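So the sequence lines, in the order shown, correspond to chains H and R. 0 is the number of the first residue of the first sequence in numbering that gives the first Met the number 0; add one for each residue after it. 0 is the number of the first residue of the second sequence in numbering that gives the first Met the number 0; add one for each residue after it.
A couple of the hints might just be wrong.
[Said to hold, decoys possible] Cross-link-like lysine to any residue pairs, in silico, SDA-like; alpha carbons within 25 Å at most:
1) K20/H / L186/R
2) K273/H / L302/R
3) K254/H / E71/R
4) K347/R / P230/H
5) K273/H / K20/H
6) K211/R / F45/H
7) K23/H / L189/R
8) K20/H / A250/R
9) K81/R / E71/R
None of these hints come from the bench; they were simulated from the model. Here the structure is a predicted model, which means the values were calculated and not measured.
Chain by chain, the residues run as shown.
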Amino acid sequence: MFSEFKFKNLGLRTKRAKMGKSAKREALWGLAFISPWIIGFFLWTFGPMVASLIFSFTDFNLLHRDEMQWIGLQNFRHFFSDPLVWQAIKVSLIFAAIALPISVIQPIVMAALLNDDRLWARRMFTTLFYMPAVVPFVSAVYVWSGIMNTQTGWFNRGLAAIGIPGPDWLGSQAWIYPSLVMIGLWGVGNMMLMTLATMQGVPTELYDAAKVDGASHFKQFYHVTLPMITPVIFYNLVLTTIGIVQYFLVPFVLKGPNGDPGNATWFYGMYLYKEAFSYSNMGYASTMAWMLFLFVLVFTIILFATQKYWVYYAGMED
Amino acid sequence: MDKKNDNKYATSFMRKEMLAFLGKISYSLIALAILVVFLSPLAYMVTTSLKTRDMIAQADSPILPMEAAVYEYEGKEVPILKVPDENGNTTSLAIIKKGREESIFIDPENPENGEITWEGRWRVLEPVREFSPQWDNYSYAWNQLNMPRLIRNTLIIAFFGMIGTLVSCTFVAYGFSRFRIPGKEALFLLLIATIMLPAFVTIVPTYILFAKLGWTGTFLPLIVPHFFANAYNVFLLRQFFMSIPKALDEAAMIDGAGPMQRLIYIILPQSVPVLVAVGVFHFIWAWNDFFGPLLYLSTKTELLPIAIGIQRFNAQFSARPHLVQASAFWGMILPLILFFLAQKVFMKGIVFTGVEK
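Chain R on its own, in the form it takes in the complex (with noise of 0.2 Å):
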């Protein structure tokens, strides 16, 4: 009796592990599927990037760069099409006379054999293909981007973009984490809200001053205005500042160190991670961004970043697909890299703004 019901517990526990393992395969097949579809332009972008224009061309054309195979035969190349036989096999054979009603092949694989006649139409026949992806695409499109050039400006504008945002986030942050300032709630408030003001209330002016300065064609406008904090990362830092307990400071602050060696031995060693992530967010906005280099170097084709680049460079070659989609590829290898390298402290610093809005 016991014996017999111990049994049906372990029977129907095994089944609900089981109920249990199932549902987990099925799920995770399910986010499988939908992860590869959010994903597949990116599958379309390196198949495409990889063919000729014929092969993207041809309307019924494979997913992957396949072309025709060919046959070279007394110096001319022939086509290899798939011959059947009698017993209803194929075999790959390059057709060498066409006829209307018979032809006559040659086994590439063994030319010494002869010739072979086959009766038929060889039009019906299926050409044969073989993958022969075209890996010149991206070094063509590497040299008409010119891409160490696009390289070099962008990676000018995002360093010092990125020196002046750490230093100024930082400095900012600390100030509204560890000092007690007069009306600091309205202006963290007002910090705050800067991240609702479309830039576009702010950009005539702006531009209009750096025109007034003679800055435009040049980094200065992409570059100075990050020496003056924003308030993603500034919010950022001081999030991540304010988890850093006190105790730590008061205990330096009894032995003298004033604010800045607080700052520099007591926050700084131990905010690497998220100073880190303000980094490569920064690194990878300034890699993405369009509007001000659009409106500050249009006219300097030698100073333009990589985003301007990659879309000159479309308008140009907007008839070859295969080189819009190479120059797509090395528009986001790098962010890509990078971000893979930093994945974990960039997401982490993702949900750190979100926390408590």
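So that you can see chain H by itself, here it is in the shape it has in the complex (with noise of 0.2 Å):
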């Protein structure tokens, strides 16, 4: 057995001895090839990471570069006292309240819709539901902002034809926020296109043996499709967190950069965006998007620790 042992290790061993060369010359040519990637990574990831962390622990400010100083962690007190960064995470937080939920719900409810064999002409309906994906967010913005005016937009004639005076959407500081969703509810194609691929997926045994069970259509949909689609949802559920965290762009084109109205639009990527590009406080900004970083990485780590509890990966429980 001993002897046997050691064999194996030789004849391992010579194994690899006699691949080295090739297996050498393969693998610089595979670095070759992902090396753009590695050569990006460095400049424009890993780099700018630490640049923009050394810089969080200084006041730089790009219209006065040579004053540059060190000034500790002054930057990150400041941070957590700033009235600003709280009125952000506040406005953050109500706009997630909503937006998050309905983009968890609605790709699941429009890709269910898409995959039931009632529907006729489903290829065509697909494509139509997915069209608006590809319209550029600034014209969509224009256009909502126009369907939403409160005097000539669709919504309140609408409801003026039944008696219901509409509210100003994107004037109130109330109303703005089921507006920004609304406006949202156009970028839904991709995620819906990767559920209705997945819900496709899933073996027709399973409804099936459900069928057999006396299974409604909706004990279906509950008890087989919604578990075999959990993937989609959970990274459907970490892109979305990522997007409203740097969500600002909408607001931006519709409010402008002040946070209108009142301070309801006050996103922190509109703050980050204006200490930065606006004062060219690149120290304070370089703190602010730290954190960002920081959130998002506790974030994630913790998603990815409920993983186990309920995303359900087809052939890799053991």
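Quick one: dock chain against chain with the hints and give me the complex.
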């Protein structure tokens, strides 16, 4: 036995030694091919992150480059006592409270609608439901702001026709959030397609078995479809959260950079953008960026940790 | 007995068929209704863009661009109204003399019939409206936007970025799918993890770098980074390359083909659809990109791409909704056309990036 073990070991070693040259060549070729990304990673991701961390301990201002000074943790101290940061967090949380559930549910509902065999011309429906996702967001913002215009928009004219005075969709501090979420409804396309594809990949045996057990349409969806699409839901949840924490372009185009109405669109991204590119306060902006990164990091770690309780990966359980 | 039973089965079968058919009809109609609501903002855009300012401002104006009809009478434009006669029929007549209790009309279709006197208050009469789309709004918005310049700038940015993304992502995906590299799994995981990194985290030093290089106010910051691959497209291409049988490149290898030749002669010819998908993704992404040009081109009006151009236009014309909507149309029409042309590979590509997370 012992000798056999040795022999095996030896065999492995000779094999390695033999393959050494060609394996090395292969690895070198492979590295050469992936080098654009590796260089890019250091150039556009790792390098900037380190630089950003260094800047966050300085008062670096792009307009007064030469006066840059180390200020230690001052930016971080300021961050936690900055009322504008807390306002931004509040705004982002309110928005997330509406946007997150809708971004999770909407693609599932639409994919379920498209996945039903009672639907005729399924391909046409899928294409048309997907279509708004390729509409540039700037155009979408202006179309939606037109339809939500208090006087001439279809929303309020429709409401007036049935005797309800319509709200000021874009001018009121309360209504702006649902309005922003509505503008976002058009962006569902990609998640809808992925969800649909996953639904179509659910083995039909599972549905047959459920039918034999007398499960209704709804029960089949709840007990078969839903668990099978949890990986897509998870993926969507991660990406949507990251989208929300840096959300600001839609309110920026819609209402300008000042957080109107009131401070209702003072999103974290808006503040960061202004701090960095209106005031050139790169030091503090870097602090804000790193705090955002830490938040996303912690949040995704937590989210990934919850995976084992609710995300089902086919063929992954032991 | 047998026959009777047969009949019974036949009818129950037919009834089931009928029910299934009705179920399909009603389900598809509901889906259609949802689709119409979902896309209705586009209808708002088109109808509004064809109106005049007055048509939009009227409180009870129709949805379509309708204008009060007029008739030219003795060198003056007079309104045409719906006039009822004693039988309850209405005719469209032009009012030429307005009176409190009776007015004089003329039939615009047959003016030779002379003046018609009608008793009643003309103010209660409804005006005749006719469909009059204002196509000029589109050419006006096109010119004011300076669309040829916006399209040119956007196409330059999109085209060179597309080349960069196609070349770099192909290489990287090929490397990840066909070569044994020590630590490959960890590297690939790192690549995928960059999807989760908020762009804001790196934007400040990147901006400073481009500013130091003197690249602000040029297209370069919007093009050069695309030559270093990105996670989405590498993932998509890698997935696709892995679905191409390895036996093909092994055979080529035996024939003495090097890694580069295998990529060019074996992998690429089979990957045309997915390369088209990546190209179209990039084009639509670049057309939509607002943040990059906002940072790097804001001061250079003559280099602005479409997204910023439309925003600037709207800051100027926000009080004229018909022009706002016409500009929104110009902003979306090219990506929409491209999407419908490449619809099949495009949607397949999206699905591909989604599989196995």
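Comparing the hints with the structure gives:
no.	hint	verdict
1	K20/H / L186/R	holds, 22 Å
2	K273/H / L302/R	holds, 23 Å
3	K254/H / E71/R	violated, 45 Å
4	K347/R / P230/H	holds, 19 Å
5	K273/H / K20/H	violated, 55 Å
6	K211/R / F45/H	holds, 19 Å
7	K23/H / L189/R	holds, 22 Å
8	K20/H / A250/R	holds, 21 Å
9	K81/R / E71/R	holds, 17 Å
Hints 3 and 5, counting from the list given before, are not met by this structure.
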